[in-house]
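Enquirer: So you can see what is in the structure, the chains are spelled out below.
6 protein chains.
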Amino acid sequence: MPSPLDTYRIAQEPFYRPTGQETALYAHAYAHRLPMILKGPTGCGKTRFVEYMAWKLGLPLVTLACNEDMTASDLVGRYLLDAAGTAWHDGPLTLAVRHGGICYLDEIVEARQDTTVVIHPLTDARRILPLDKKGEVVRAHPDFQLVVSYNPGYQSSAKDLKPSTRQRFVALDFDYPDAEREAEIVAHEAGIDAALADRLVRIAHSSRELKRHGLDEGVSTRMLIYAGILIRDGVSPVDSCDMTMTRALTDDPDMAAALRALVDANLE
Amino acid sequence: MPSPLDTYRIAQEPFYRPTGQETALYAHAYAHRLPMILKGPTGCGKTRFVEYMAWKLGLPLVTLACNEDMTASDLVGRYLLDAAGTAWHDGPLTLAVRHGGICYLDEIVEARQDTTVVIHPLTDARRILPLDKKGEVVRAHPDFQLVVSYNPGYQSSAKDLKPSTRQRFVALDFDYPDAEREAEIVAHEAGIDAALADRLVRIAHSSRELKRHGLDEGVSTRMLIYAGILIRDGVSPVDSCDMTMTRALTDDPDMAAALRALVDANLE
Amino acid sequence: MPSPLDTYRIAQEPFYRPTGQETALYAHAYAHRLPMILKGPTGCGKTRFVEYMAWKLGLPLVTLACNEDMTASDLVGRYLLDAAGTAWHDGPLTLAVRHGGICYLDEIVEARQDTTVVIHPLTDARRILPLDKKGEVVRAHPDFQLVVSYNPGYQSSAKDLKPSTRQRFVALDFDYPDAEREAEIVAHEAGIDAALADRLVRIAHSSRELKRHGLDEGVSTRMLIYAGILIRDGVSPVDSCDMTMTRALTDDPDMAAALRALVDANLE
Amino acid sequence: MPSPLDTYRIAQEPFYRPTGQETALYAHAYAHRLPMILKGPTGCGKTRFVEYMAWKLGLPLVTLACNEDMTASDLVGRYLLDAAGTAWHDGPLTLAVRHGGICYLDEIVEARQDTTVVIHPLTDARRILPLDKKGEVVRAHPDFQLVVSYNPGYQSSAKDLKPSTRQRFVALDFDYPDAEREAEIVAHEAGIDAALADRLVRIAHSSRELKRHGLDEGVSTRMLIYAGILIRDGVSPVDSCDMTMTRALTDDPDMAAALRALVDANLE
Amino acid sequence: MPSPLDTYRIAQEPFYRPTGQETALYAHAYAHRLPMILKGPTGCGKTRFVEYMAWKLGLPLVTLACNEDMTASDLVGRYLLDAAGTAWHDGPLTLAVRHGGICYLDEIVEARQDTTVVIHPLTDARRILPLDKKGEVVRAHPDFQLVVSYNPGYQSSAKDLKPSTRQRFVALDFDYPDAEREAEIVAHEAGIDAALADRLVRIAHSSRELKRHGLDEGVSTRMLIYAGILIRDGVSPVDSCDMTMTRALTDDPDMAAALRALVDANLE
Amino acid sequence: MPSPLDTYRIAQEPFYRPTGQETALYAHAYAHRLPMILKGPTGCGKTRFVEYMAWKLGLPLVTLACNEDMTASDLVGRYLLDAAGTAWHDGPLTLAVRHGGICYLDEIVEARQDTTVVIHPLTDARRILPLDKKGEVVRAHPDFQLVVSYNPGYQSSAKDLKPSTRQRFVALDFDYPDAEREAEIVAHEAGIDAALADRLVRIAHSSRELKRHGLDEGVSTRMLIYAGILIRDGVSPVDSCDMTMTRALTDDPDMAAALRALVDANLE
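Chains as they are written, first to last, in the UniProt record's numbering: chain A, 1 to 268; chain B, 1 to 268; chain C, 1 to 268; chain D, 1 to 268; chain E, 1 to 268; chain F, 1 to 268.
Be aware that a few hints might be false.
[To be verified] The calculated DSS-like cross-link candidates involving lysine-lysine, where the alpha carbons are at most 27 Å apart (straight line), are: (1) C:K162 - D:K162; (2) B:K162 - C:K162; (3) D:K162 - E:K211; (4) F:K162 - A:K162; (5) D:K162 - E:K162; (6) A:K134 - F:K134; (7) E:K162 - F:K162; (8) F:K162 - A:K211; (9) D:K134 - C:K134.
In short, the hints are calculated from the structure, not lab data.
With the sequences and hints as input, model every part of the structure.
Expert: Pasting the structure below:
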């Protein structure tokens with residue numbers, strides 16, 4: 001029987017290299033449907049991880065990128081007018097709650113208060129979602145789990161999770177993979193040899209040192225993959241790194257020079 | 001005869017351990033339908049208490065998590081368009097007022113002014129709810145009672161209840177249960193033995209001391225239950241507490257170290 | 001013939017004890033349909049007074065609690081869509097203007113400017129309400145009167161009535177009743193004997209002294225009635241006063257102790 | 001033939017006592033349809049004057065009280081849905097422009113910018129009103145004139161008329177009538193004798209001195225009329241003045257005492 | 001064949017006295033459809049000039065007074081519901097783009113950002129207007145030209161044209177006409193003799209000196225015309241100038257006295 | 001078969017002179033559908049470049065000028081009411097994602113957060129666009145690519161791209177062409193001889209020096225083309241440059257004099 005969540009199923013195994021026991025811990029939490037926070041810096045693989053777990057557990061994954069313009073109705077649903085008058089349309093959160101799946105609220109701290117409050121009764125013993133506008137209380141499907149993420153190094157205190165929200169979740173920390181695993185990922189995703197991947201990863205690790213000197217973010221794994229793809233394609237290593245790392249990371253000429261020096265030192 | 005409030009009935013007895021005469025006092029207040037404020041810190045059991053009382057009194061419970069994006073129409077109702085034109089749809093507050101039940105406004109201080117003002121004529125001798133947009137004055141069902149909650153330690157003065165609102169209510173104070181009762185709750189809810197529950201509770205009590213040193217909130221009873229569940233499941237006590245307490249409570253490395261030391265001291 | 005204002009009629013005499021010649025002065029003002037401001041502190045009986053006068057004069061009473069989210073359309077009316085297209089629906093103010101009755105805008109200073117401005121042509125010699133969106137000028141029914149209230153001790157200067165609005169009204173001052181009358185009211189409403197009522201009133205009068213020492217509001221008559229009801233019901237006097245006065249009035253431990261001392265001094 | 005402006009006609013001559021040649025000057029300006037600003041303090045008779053002129057010139061008068069929540073659509077019109085789909089409904093300004101009459105924007109400085117800008121092409125040689133949403137340019141009816149008012153002593157510089165708006169108008173200044181004329185008005189409108197009217201006017205003139213000592217506005221002519229009505233009705237002069245002047249003008253006890261002293265000095 | 005722009009055609013030649021070669025330069029710019037900025041102080045004749053050029057070039061003129069409440073949809077168009085469902089209605093800018101004519105955005109700096117951005121693709125080589133909501137890209141009619149105006153002496157830096165917008169236009173500067181031409185205009189428009197017009201113009205020129213001493217704007221040509229009309233009508237010169245200049249320009253008694261002295265010096 | 005993107009195809013080759021290997025690098029990035037940032041100052045040719053590449057690659061180009069009033073629905077689509085009820089209408093981004101083409105978000109930093117967040121899942125391995133309101137996840141057409149632009153010299157730090165957005169893109173830098181190429185472009189586009197084009201370009205280069213002395217932007221290539229067109233047309237060089245450069249660039253008399261001196265020095 002087709003389900004409204006079929007469009008949210010993940011067709012093939014996402015490429016993911018575990019860095020510890022995070023898959024086992026997640027599975028334990030899911031077994032009890034404990035709400036989960038994934039914490040960690042931008043681009044370290046939180047989204048990929050939850051996709052991998054959804055695939056592994058055979059669950060649909062409804063991903064919502066939180067932002068301050070998203071309303072509670074965007075999550076929960078609303079009345080829409082059709083030929084027979086207004087009819088209720090479940091929002092993506094309600095679909096996951098009703099039909100069973102993981103609902104993943106990415107960067108939860110960006111959401112407005114009404115969004116945050118809507119999830120409270122889903123994250124305690126009640127496991128309900130009141131649709132106030134419809135006059136219905138949806139009891140969560142046995143498969144439903146709520147997962148949220150945020151970047152702790154990033155938020156101002158004004159945009160922190162309220163304690164009354166935080167303490168409803170269990171939490172896993174994420175970070176960039178270590179050099180060896182990162183090289184393995186880059187080689188696999190960009191289709192390049194291990195030696196080149198190693199050298200690219202060395203650039204990334206050096207660049208992350210520059211964060212202490214005013215760079216907002218270091219080179220991410222994704223940037224290394226982009227660089228590897230272009231080099232494989234025949235673009236010169238210097239041009240590839242300029243396009244995928246230096247120009248993408250900074251507008252500051254001095255910082256750009258520092259990054260280019262890192263590239264030269266590792267790829268010449 | 002089915003009632004629109006049936007979806008709001010509580011099917012089975014919520015687990016609740018009274019800590020004093022709060023159930024008797026609540027029953028007296030309900031006997032006269034006095035509006036009630038439940039005051040106390042996050043996660044100390046206010047929501048569970050009102051669920052328990054609703055179950056005990058055999059009343060439907062309409063719970064609304066207040067927030068600054070909720071409008072008076074979200075409470076009271078609105079006109080919606082259907083095949084025969086616009087028709088009025090009672091909001092959740094109006095349903096409770098009209099058909100009889102407890103309406104529970106959780107974290108009332110988060111609500112906007114129009115929400116707060118809407119409840120005034122329900123909380124004095126009039127017991128009416130004017131539906132201005134519909135041109136109807138709903139007189140409250142004999143079973144109707146209004147209950148609100150807030151966390152006094154939390155609000156800035158900008159988000160305090162106005163005196164003209166406060167003095168319409170009688171009030172009950174809540175706090176975390178004492179150690180013995182808390183252990184009993186944790187053992188029951190997590191399905192663990194009393195000895196482990198005791199040790200977990202000791203962690204929580206020590207953590208609440210850290211609130212004086214910069215921790216926003218101490219370990220709550222809910223966190224202890226989550227930890228107990230994972231330990232029962234075979235996850236190591238240290239990992240369980242890391243996931244359910246330390247990482248969930250703080251992003252600060254020093255505070256996290258202090259919490260881990262508490263865990264080690266009590267669970268090793 | 002049924003009138004749309006029937007739902008706004010007051011079925012039985014509200015309990016009201018005059019404190020001076022306010023009923024006579026109001027009747028004179030009503031005889032000339034002069035717009036009226038009722039000034040006084042929270043809970044001193046302004047709403048009850050206007051209900052009493054409406055009942056005494058045999059007039060429907062449309063009460064609107066002003067707030068900053070209320071729009072002019074909420075007062076005046078709007079077009080709504082029904083089976084035959086859009087049709088105009090009079091708002092509550094328009095109903096009172098058109099069909100004759102008292103329209104009472106409670107806490108007028110909380111209203112937005114468009115609301116305040118809407119009433120101007122009703123409060124001078126014109127006695128008209130222009131429905132700009134409908135292209136109609138409603139001339140007030142001979143029975144129509146506008147009454148507004150506000151709490152002068154309360155507002156910041158930013159939320160004061162504009163002089164151009166104030167000077168359109170005649171005004172009556174209200175205050176808490178004197179001790180004797182207050183005891184009479186409490187005894188009548190709570191169903192307790194005069195001696196207990198006297199002692200409760202003494203608590204209230206002492207508490208009002210605490211306003212000079214940081215308490216936002218003293219114990220109101222309504223709180224005394226709630227306390228009396230619970231005591232009559234068998235709840236201990238100390239618990240009754242704690243629930244209806246101390247906890248309802250303050251979250252500050254020192255202030256709560258001061259209030260409890262007042263209770264002990266008068267009820268022991 | 002009925003006109004949509006019939007509802008805006010003034011049925012009987014408003015009571016107005018000219019204070020200078022303002023009626024002649026207005027008539028000259030109207031003869032050339034020059035846009036007109038009426039300047040003067042609150043309650044000095046600007047609205048009454050424009051009503052009188054409209055009556056005298058036999059013109060409908062569309063009065064709009066400007067406020068910051070009024071949109072350009074409230075003036076100009078909008079599409080509304082009816083049985084045959086959406087249809088355009090002229091706003092009150094458009095009605096006056098199209099069918100000929102005076103449109104009076106009271107307290108123009110309170111309006112938002114889009115409102116102010118909408119009137120520009122009506123106030124130069126073009127005399128047009130573009131209905132942008134409808135794709136129509138309405139050329140003003142030969143009888144149309146625009147009149148606006150504001151209170152120069154009142155506005156903050158932030159709420160001043162922009163020079164580009166001001167210089168499109170000719171202007172007339174208004175002030176309170178002199179003592180003799182004011183007494184004549186009060187006697188006529190309140191139905192009291194000249195002696196009492198004189199004494200009431202003396203109170204008003206003295207009260208206006210208090211404006212230099214912190215009173216926002218002095219006693220207006222309208223207040224004197226209200227006081228006169230109540231005295232004629234049998235209310236004591238002191239109570240009448242308390243209700244219509246002192247309590248209406250101030251919440252400050254010292255200022256109220258000063259006003260009561262003025263009343264006593266003149267009415268004893 | 002009737003065009004939706006017919007309502008925007010100018011029926012008769014607007015009165016305009018060229019002050020330099022501005023008509024020739026405009027014609028050159030129009031020949032290449034270069035987007036045009038008209039810069040100059042309030043009331044110096046920018047609007048009249050563009051009307052004159054539109055008349056001379058035989059083009060419809062769609063004038064839009066920019067303001068911060070105008071949305072992109074007000075310019076571009078929107079879906080409206082009619083009997084057969086929603087249908088797209090071109091906004092005034094789209095009408096000009098599609099059917100060919102001058103679109104004149106008066107006081108462009110008052111517009112919101114979305115309005116300003118909408119015109120960018122019309123002002124470079126593309127000459128297109130994307131209707132994103134309709135999924136259509138309108139290529140500009142060969143006759144279409146965009147003209148905007150602003151007052152450089154007026155804006156705060158916060159309300160300046162962004163460089164990325166400015167550099168898309170060619171620009172013409174405007175200023176008040178010199179004394180001789182101004183007198184000619186006043187005589188023609190007010191129907192008065194040259195001697196009186198000269199004397200009125202002298203008042204205006206002197207008044208513009210007062211701008212250095214705190215007057216926001218000097219007497220404009222339009223005010224002189226109004227004064228001339230009233231004098232011709234028999235109103236005394238002093239009253240005429242008071243009504244059309246002094247009271248219209250200032251609320252400040254000292255400044256008013258200075259202006260009246262100017263009038264006396266020139267008209268006595 | 002007609003596609004909804006046909007209206008977005010570029011009919012003829014846009015005039016573009018490559019300044020380096022930017023076309024080759026873009027082609028490599030497109031071959032892997034890497035999301036692309038184009039960085040560079042206003043008017044240096046970023047928009048022209050993406051048009052040229054779209055034409056060269058035979059792809060439709062959907063251009064959206066970002067601004068703070070653009071909502072996510074403006075990009076993604078919305079429900080609209082038609083004869084059979086509401087129907088979903090793809091927004092321009094969704095059209096490009098679904099049917100294959102380049103979607104170009106011009107000045108991305110001007111967009112609101114919800115817009116920026118909407119593109120995240122299109123810029124990583126997922127290449128999906130969730131239509132939350134419709135309950136559909138659109139997988140990107142194989143031809144789809146996302147391109148964004150911004151001006152790094154321009155933004156305040158408050159309007160910078162968030163690192164979590166930046167690192168999803170590869171980047172190309174753009175700048176004004178060198179003198180020789182700029183002269184070639186001006187000669188070609190304005191239809192003037194090389195000598196005049198050289199002299200105009202010299203003005204532009206000198207003007208860009210003035211940016212250090214308070215000019216917001218120097219003379220752009222587009223302004224040179226406009227000047228060339230007018231000179232070719234017979235307008236005097238001084239008038240042409242005044243209209244296309246000096247008056248368009250500045251309102252400051254000193255800066256205008258400096259620019260006019262530059263013109264005189266190069267064109268006399």
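Enquirer: Check each numbered hint from earlier against the structure, then list the numbers of those it violates in ascending order.
Expert: none
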